[in-house]
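Asker: Residue numbers (my numbering), protein chains in the order written: chain P, 394 to 600; chain C, 547 to 808; chain B, 4 to 497.
Just to be clear, a hint being listed does not mean it is correct.
Claimed, not checked - Not close to chain B: a few residues of chain C, all C-beta gaps over 10 Å, as computed:
{"#": "1", "residue": "Ala625"}
{"#": "2", "residue": "Leu637"}
{"#": "3", "residue": "Ala640"}
{"#": "4", "residue": "Arg683"}
{"#": "5", "residue": "Ala699"}
{"#": "6", "residue": "Met720"}
{"#": "7", "residue": "His723"}
{"#": "8", "residue": "Gly729"}
{"#": "9", "residue": "Cys747"}
{"#": "10", "residue": "Val750"}
{"#": "11", "residue": "Pro751"}
{"#": "12", "residue": "Met754"}
{"#": "13", "residue": "Leu763"}
{"#": "14", "residue": "Leu768"}
{"#": "15", "residue": "Leu772"}
{"#": "16", "residue": "Ala805"}
Claimed, not checked - Stretch by stretch, here's where chain C covers chain P in the computed footprint (C-beta under 8 Å, at least three residues):
{"#": "17", "segment": "413-427"}
{"#": "18", "segment": "470-476"}
{"#": "19", "segment": "505-519"}
{"#": "20", "segment": "562-574"}
What the hints assert, rightly or not - Listed next, the stretches of chain C that the computed footprint assigns to chain P, with coverage defined by at least 3 CB atoms under 8 Å from CB atoms of chain P:
{"#": "21", "segment": "706-712"}
{"#": "22", "segment": "777-788"}
No lab work stands behind these hints, which were simulated from the structure alone.
For glycine and all other residues, C-beta sits at the position ideal for the given N, C-alpha and C.
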Amino acid sequence: MTQQMTTATRSNRFAVADLITTGVFTAIYFVIVAVAALFCNVVLTVAGNIFLPAIAALLAGPVYMLLAARVRTFGPITVMGVVLGLFLVCSGHFALSLVTSAVFPCLADLIAKAGAYRNTAAMLASYVVFSFGCLGPILPLWMMKDAYVASLERKGKDAAYIDLVFSHVNGAMFGVTIAAVVVCALIGGAFGLRMMTRHFEKAGVLG
Amino acid sequence: MTQTVERAAVERAGTTSTVARTFVQRDVAVGDARVAIDPRVKLAGVAVANVLMIMHVAPVVQMVAVALLSVPLFVAGKARAAVRMLACYALLCAAQWLVQMHVDALPWLHIVGLTANGVAMMMPCLVAGAAAFTTTRAGDLVCAMRRMHVPDAVVIPVVVIMRFFPTIRRDYRMIRHSMRLRGHAGNGLALLRRPVRSFECIIVPLLMNATTVANDLTLAALTKGLGTCARPTSMRTVRMRASDWAALAVLAALVCVGAAFA
Amino acid sequence: MTEERGERVADAAMCALRGCTFEYAGAAVRALRDVDAHVRRGEFVVLAGRSGCGKTTVTRLLNGLAPVHVAGALEGEARTAGLVAGRADIGAYARVVGSVFQNPKTQYFQACSTDELAFACENAGVTGDEIRARIARAARRFGIEDLLDRTIAELSGGQQQRLAVAAATMLDPDVLVLDEPTSNLDADAMRALHDMLAALKRDGVTVVVAEHRLAWCADLVDRYIVLDDGACVGGYDAQTFRALPAQRLRQWGLRALDVGGASAQVRRKIEETRARRMAATGDADGTPVLSVRGLRVGYRARSLFGWKRTPTFAREIPDLDFHAGRIVGLVGRNGAGKSTFARTICGLQRALGGTIAVDGRTATRDELSRAAGMVMQDVHYQLFSDSVRGELMLDGGRARCDAILGDLGLLDNADRHPMSLSGGERQRLAIGTALIANKRFIVLDEPTSGLDHGNMMRVGALLRALADRGVAVIVITHDDELAAQWCDELVEFT
């Protein structure tokens with residue numbers, strides 16, 4: 394009986410400690426995403442928002458790598474994505490953000506798990522996939538054209554020209570966004586891994 | 547054993563019921579004065595705003611939605627923020643109108659029109675989000691989440707995030723101060739001169755402190771029994787009142803009207 | 004006969020350690036060695052001893068964190084109110100033991116103070132109405148009505164610690180365990196904490212405090228248990244303990260039982276400094292490194308569009324001179340503007356009025372930042388490099404860097420990561436970064452908070468060595484013993 398209680402406490406301890414660690418790191422990740430969003434909106438204007446996931450990916454590498462190394466079990470990465478999605482949706486971003494920021498991090502978690510949360514290549518790949526979780530908030534950009542065409546048609550104006558131009562632009566925008574995310578996530582992830590060996594391992598905070 | 551302790555504690559607490567009653571009354575009085583809106587209604591507002599956006603509703607419906615969704619901000623005394631958002635929306639509408647007047651002569655105005663239209667399309671979401679995010683106390687949100695049977699795996703990180711935001715701000719200020727004294731990047735623009743080094747100087751101490759805080763918080767939370775009760779209770783009572791049901795009805799009506807004018 | 008009696012005492016005990024030996028997971032040394040101790044119901048016991056003597060470990064055995072949640076190997080038995088460490092569930096402990104920790108900034112879980120008070124009750128499944136009743140009762144009992152419904156991050160350290168005590172007693176625990184609760188507090192806050200614990204003692208709560216500062220709660224204590232190097236050195240009732248020679252306490256690394264002498268000396272030094280400043284005409288001591296004239300410090304809240312409003316916080320600072328080779332202590336209660344003054348003379352924030360001169364020349368904010376070194380209370384925000392040597396090499400050559408590391412006793416650790424050092428070593432490293440950058444003056448913010456007697460004296464000697472290198476040393480401190488023994492001048496902020 395007493396033995397049983399001890400094991401119960403143990404698993405429970407992992408739950409609570411890991412959830413708190415996840416919360417703390419998600420707070421930092423959320424701040425990074427907010428800074429990236431501010432930068433995109435102010436410096437690159439509304440259309441620049443397509444680079445939001447890329448810039449977030451560039452900055453969040455150390456946060457992601459340290460969280461994975463601190464916990465080394467399935468869950469925290471997924472929870473980080475889901476909670477970020479919740480915060481984004483609650484603060485007025487597109488509702489599908491919740492879907493992207495749950496699905497991609499979950500996949501990323503599985504990839505990292507396959508590499509036992511240690512394998513460098515697996516961690517990089519997992520970070521790239523994770524970074525797509527931030528696509529949600531910018532999805533409405535692809536709906537902007539339809540909305541605009543609708544508003545033109547409502548005024549009885551000819552929207553064929555817009556339609557034509559944007560059939561090309563939309564595809565290109567999508568390609569650019571994806572490419573930027575992959576490149577930035579690789580750079581950010583590599584930077585994160587470097588910070589791990591340079592600082593966190595050496596300082597002995599990996600637990 | 548623990549049950550007896552609990553019962554004894556409850557009995558001891560019972561002797562001070564008068565204090566309790568005055569406190570409860572005061573609490574209710576405070577709540578009434580502010581006419582708090584149930585967080586779940588605000589979340590429903592966010593959901594409705596998203597639905598309207600996907601449906602590409604007519605401008606009239608969009609305007610009505612923005613106006614209605616900004617009501618919680620006014621109610622919570624955030625009139626200044628609400629006015630700012632409404633002014634922003636008015637500007638966007640004006641821009642769209644001007645573009646549509648002149649776009650036949652000046653085709654490049656399409657860029658302005660597209661942007662203004664796009665941001666205006668997101669405006670109901672942003673207003674509803676601002677209302678949900680800035681007028682809800684962390685405790686009420688948590689209570690609402692527990693009511694909606696959100697699992698601990700989400701509730702606990704959310705509580706920690708709310709608690710940790712001020713710490714991040716304070717940490718950042720301290721780090722920038724010491725960077726300045728060490729002669730790195732005394733002001734904001736100088737950060738960009740050596741961006742990688744600057745970023746390392748900021749993110750590493752921030753994460754180091756985060757790990758310490760996470761450890762300390764875990765110990766403190768464990769000694770307060772976090773995660774040991776199957777059904778944690780809540781001090782706050784989140785209740786759907788008549789006004790909340792009315793607000794929900796208005797939101798539902800909005801969706802119907804939106805569908806009719808899509 | 005005596006043994007039998009001993010048994011009976013232990014049975015009546017609220018907390019009992021029997022032959023406890025504890026080793027932290029991954030640590031080479033034992034934190035506790037064969038410790039026997041007990042605390043009776045309703046007793047107020049201080050676990051005394053120097054830093055690292057094992058008193059924190061004892062508190063962790065008493066509140067059930069060790070050996071499960073703080074991993075380690077325990078031999079012997081630690082029992083609190085019938086619960087056995089390592090066997091009982093932490094949830095059961097949460098209902099009978101309240102815990103208060105050292106750092107007020109990292110032990111609250113909620114953003115809002117009222118939620119924090121409710122937290123333990125919510126986890127224990129107490130009903131909402133009952134929780135509100137208990138909060139009202141706790142607010143009355145401890146006089147903390149003013150702390151309800153506040154953002155905890157904006158409270159002072161003393162207020163946070165009072166809130167922590169109140170939050171730890173929300174489930175009406177039988178035992179309250181406090182681990183160095185005063186290490187970040189000023190005298191007023193310590194008094195407030197004392198009053199809270201006095202109220203708990205009156206109500207029959209068993210209180211266990213791990214401390215090396217003894218003065219603040221001396222009148223409440225029933226018994227002292229002294230630990231040294233992981234072993235229990237002795238248990239003394241209050242009267243016997245008070246009769247022990249002061250030298251004995253020093254050997255155990257303890258601070259004075261009575262700080263009346265130090266306080267009187269502090270008052271005297273403040274008066275002397277004031278008298279000397281009044282009498283001094285011209286530059287009898289040469290040009291001061293730093294002098295302030297007509298200074299007003301504080302900050303303005305920025306409104307929405309960046310217009311500056313009237314100051315939300317402003318303090319007038321007396322005209323002061325800081326000379327090379329002298330240690331000047333800044334004392335006074337929290338909120339008197341000491342830290343704001345420190346940030347202002349370091350060029351980290353704009354002065355509201357007046358002038359600051361370095362070496363006789365009025366200095367701009369950038370010049371002040373170049374001349375100033377600072378050792379913060381949270382020194383880990385100041386270290387950026389991946390090794391101790393690298394930290395100094397950012398500003399200087401190898402030879403000079405190694406010379407300074409040698410002086411500070413850090414040369415053996417030159418290749419380690421700064422964050423893997425102990426608190427004292429990190430503090431010395433931060434001083435090293437100021438030395439290698441040839442700073443004209445160095446401000447230290449509470450350098451002795453949480454330090455036992457031996458470490459406090461080491462910091463004092465370090466300040467003296469720093470001053471002897473020709474630096475003006477400015478120390479913000481609440482520590483009367485440091486101020487009395489090591490500061491040349493004392494300025495009181497009111």
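Asker: Determine for every hint whether it applies to the structure shown.
Answerer: Consistency of the hints with the structure:
no., hint, result
1, Ala625, "13 Å, holds"
2, Leu637, "17 Å, holds"
3, Ala640, "21 Å, holds"
4, Arg683, "7 Å, violated"
5, Ala699, "16 Å, holds"
6, Met720, "4 Å, violated"
7, His723, "5 Å, violated"
8, Gly729, "7 Å, violated"
9, Cys747, "5 Å, violated"
10, Val750, "7 Å, violated"
11, Pro751, "5 Å, violated"
12, Met754, "6 Å, violated"
13, Leu763, "6 Å, violated"
14, Leu768, "5 Å, violated"
15, Leu772, "5 Å, violated"
16, Ala805, "38 Å, holds"
17, 413-427, "holds (count 11)"
18, 470-476, "holds (count 4)"
19, 505-519, "violated (count 0)"
20, 562-574, "violated (count 0)"
21, 706-712, "holds (count 4)"
22, 777-788, "violated (count 0)"
Checked against the numbered hints given earlier, the structure breaks hints 4, 6, 7, 8, 9, 10, 11, 12, 13, 14, 15, 19, 20 and 22 and satisfies all the rest.
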